[in-house]
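Q: If you're matching them up, the sequences are chains Y and E in order. First residue of the first sequence: 1, per my numbering; consecutive thereafter. First residue of the second sequence: 1, per my numbering; consecutive thereafter.
Worth flagging that the hints you see were computed from the coordinates, not collected in a lab. You may find that some hints are simply not true.
Listed next, with one range per pair, are the computed distances between beta-carbon atoms [claimed, not checked]: (1) GLU190(E) to MET231(Y): 38 to 46 Å; (2) MET231(Y) to PRO172(E): 27 to 35 Å; (3) LEU21(E) to GLU159(Y): 54 to 62 Å; (4) GLU236(Y) to PRO172(E): 50 to 58 Å.
C-beta: ideal position from N, C-alpha, C; glycine also.
Each chain, letter by letter, is given below.
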Amino acid sequence: MSTGTGSTDARTARDTDADATDASSADTSRDIDKASEADAATASPVGDSAAGSTGSADDAATEATDDGAGARQAEGASAPTRGPHPLSAASAEELDDGTPESDADPESDASEADEDEPAPAALVEHSASGSVDEDGAPHRRRRSDPPPAVFNYADDEHERRRDHRRERPRRRGRAGWIATSIVLLLLLGVSVALNWHLWNTTEAWEARADELTTVNYDLGAQLSSEQATTMGLESEIELLSQQLATSNQRVLDLSAESQSAIDESTFASQQIDLLEGHLTTATSTATSLQRCVDGQQQLTQYLKTPDDYDPQELAAFEKSVSELCATAEQNQQRMLAELTE
Amino acid sequence: MRRALALFAATALALSGCAALPAEPQAMPSDWVPEPTATPVAKNVGLSPDGFTAAQRMTLRVRSIGCGVGVRTGSGFALDAFTLVTNRHVIEDSKNIQVSTHDGRVIDATAASSTTVADIAIITTTEPLGGAFAARATQDPEEGDVITVVGYPGGGRLTTVSGVVLGAVPDPVEDGGAVDTVLATTAVVEPGSSGSPVLSDDGEVVGVVYANNAVGQSFIVPVTMLNTLLAQPSLLVPDSLECSQS
Chain Y
1 MSTGTGSTDA
11 RTARDTDADA
21 TDASSADTSR
31 DIDKASEADA
41 ATASPVGDSA
51 AGSTGSADDA
61 ATEATDDGAG
71 ARQAEGASAP
81 TRGPHPLSAA
91 SAEELDDGTP
101 ESDADPESDA
111 SEADEDEPAP
121 AALVEHSASG
131 SVDEDGAPHR
141 RRRSDPPPAV
151 FNYADDEHER
161 RRDHRRERPR
171 RRGRAGWIAT
181 SIVLLLLLGV
191 SVALNWHLWN
201 TTEAWEARAD
211 ELTTVNYDLG
221 AQLSSEQATT
231 MGLESEIELL
241 SQQLATSNQR
251 VLDLSAESQS
261 AIDESTFASQ
271 QIDLLEGHLT
281 TATSTATSLQ
291 RCVDGQQQLT
301 QYLKTPDDYD
311 PQELAAFEKS
321 VSELCATAEQ
331 NQQRMLAELT
341 E
Chain E
1 MRRALALFAA
11 TALALSGCAA
21 LPAEPQAMPS
31 DWVPEPTATP
41 VAKNVGLSPD
51 GFTAAQRMTL
61 RVRSIGCGVG
71 VRTGSGFALD
81 AFTLVTNRHV
91 IEDSKNIQVS
101 THDGRVIDAT
111 AASSTTVADI
121 AIITTTEPLG
131 GAFAARATQD
141 PEEGDVITVV
151 GYPGGGRLTT
161 VSGVVLGAVP
171 DPVEDGGAVD
181 TVLATTAVVE
191 PGSSGSPVLS
201 DDGEVVGVVY
211 ANNAVGQSFI
221 VPVTMLNTLL
231 AQPSLLVPDS
241 LECSQS
C-alpha cells in the first residue's frame, strides 16, 4: 500500500492543482513552482509530484494539512533513496504541500516525461538500486509517478517545458468545452426546431380532427335525413307496389272480361248471321209454299169447270203448280235442315 | 476522435429522426361523398313499364272465329313484334284470327301457317304485339325440372301455374301429328291454355302446351321441335283464312 498511498497523494495534489490552476495566475504558479522545484527536486519524486502547483498560500497550507501524512510518507519513502538533502524534510514538506502539481492529465504528463525527458541517471540508478515500498516490494515506476528529481539541463529549459506541458492540457480542456458547448447548442437548436415542428404539426392535426368531427356530424345528419327519406320512400314504394299489383289484377280482369265480351259478341254476331240465314230460308220457303198453295187453289177452280179450258193448257198449269210445290217443299226441307243444325 | 464520432452520430441520429417526423395533414378532401347515379333501375330487368312480368307481356290470347258458328280461344306467345306461336288445332278451320295482349289490345292476324309434324302454328300480324318476346332454350327440360305455364285457361284471365316435368311420353292425342315424343308435366291446364309457353326457372321457353288428360297432366311440345320448325320454314304450310263453300 505504500505505492498506492504515494499515488493517492499525487492524485490529490493534481486534483487540487487542477482546481487551483483556474483560480490563480500563471505567474504566481510559475514563481511558486520555481521555489518548490528547487526544494522538491532534491527531496523526493513524491515531493516533486506535489510540486509545480499553484494557488494561494492559504490553500497550500490547507492542503499541506490534509496531505501531511502523504507527504511524510513520501518523504520517508524517498529518504533512503535520495540520501541527504540541503533542505530539511519539514521545509520540503511545507513547500511541497503548498505547490501542488498543475497537471490536468497526469497520464499524458507522465508519458511526456517518459518520452521527452531523457532518463536521468539518478532514476536509472534509483531503479537499478531497487527502491523498496513500505510493504517491502520493490518500487516500480509508474506513469503517474513524478519525473526524476535530478535533471541535467538548465532551469529555464525545464521551466519552458513545464509551461508547455501546462498549456497543452489547458488548451485541450478549453477546446473540449467549446466542442461540447457547440454540440449541446446544436442539439438544443435541433430540439427547439423539432419541438416547433411537432407543435405546428400537432396544431394542424388537431384542427383537422376538429374539421373531421364537424364534417362527421354533418354527414351523420345527412345520413339520418337520407335514411328517413329512404324509409318514407320505401313505404311509398310498398304502397305503390300494392296499388300497382291491384291495378294489374284489375287490368287482367278487365282484359279477360273484355275478351270474353268480344267472344260473346262474336258468337252473338255469328248467331245473328245464322238466324238471318234461317229467316231468309224460311221466308223463301214460305213464299214458295204460298205460291204452291195459290197455284193449287187456282188449279182446283179450273178443274171445277174443265170444259171451259183447253185440256192442254190445263195440264201445263197443273204441271207448273206441281213444280212450284216441289220447290216449296225443298225449301221447307232445307229450312228444317238448317234449324236442326 | 471519439468526440468527432459522437458528434457525427448525434447529427446522424437527429437527421434520421427528422426524416421520420410526422408531416402536417394534406388539404381537406371534399369528395368523399360520391355523386349519386341516376340509373340504378336500368340494371333491374325484373321491372317493366307497366308492372307486368315479361312472361305475362309476351303471352297472348288467340281468338279463332270459325267458318261456322262458334268462337275458339287459345294461347300463344310472341317470338318477335309481328310473330307468335300457338297450336295448330287452335286456328284450324278459322276464317278470322284475333290476338289479344295482356292489357286487352286486340290485333288481327294476317296470316297463319301450320305443320303436320307437331301441333304448332305460326301466326303473323301487321301491328306490333308488345314489348316482351320469348327467349327460347336450346335444350329440352329434364325430368324433375320445375316449369311455369302462363296462359289463358278457358279463355279467361291471364293465369300462371307451375309444375314438374314428368318425362318424355308418346303423343297421347289420337292423330295428334307428333312425329316424336312429347313431354308430360304436372302443370294443370284447361282448354284455352293450348299454345301457352312453358318457361324454365331462367325464364326461357322450353315447350308449348298442346293437350291435357283426365288426371290433370299436361303435355307439351319440346322446344327442340319448335326450334327445328322455326329453322326449317319449309315444314310450315300456310293456312287459308277463308271458309270453303260447301
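Q: Does each hint hold? Answer for all of them.
A: Evaluation of the provided hints:
no. : hint                               : result
1   : GLU190(E) to MET231(Y): 38 to 46 Å : holds (44 Å)
2   : MET231(Y) to PRO172(E): 27 to 35 Å : violated (55 Å)
3   : LEU21(E) to GLU159(Y): 54 to 62 Å  : holds (57 Å)
4   : GLU236(Y) to PRO172(E): 50 to 58 Å : holds (51 Å)
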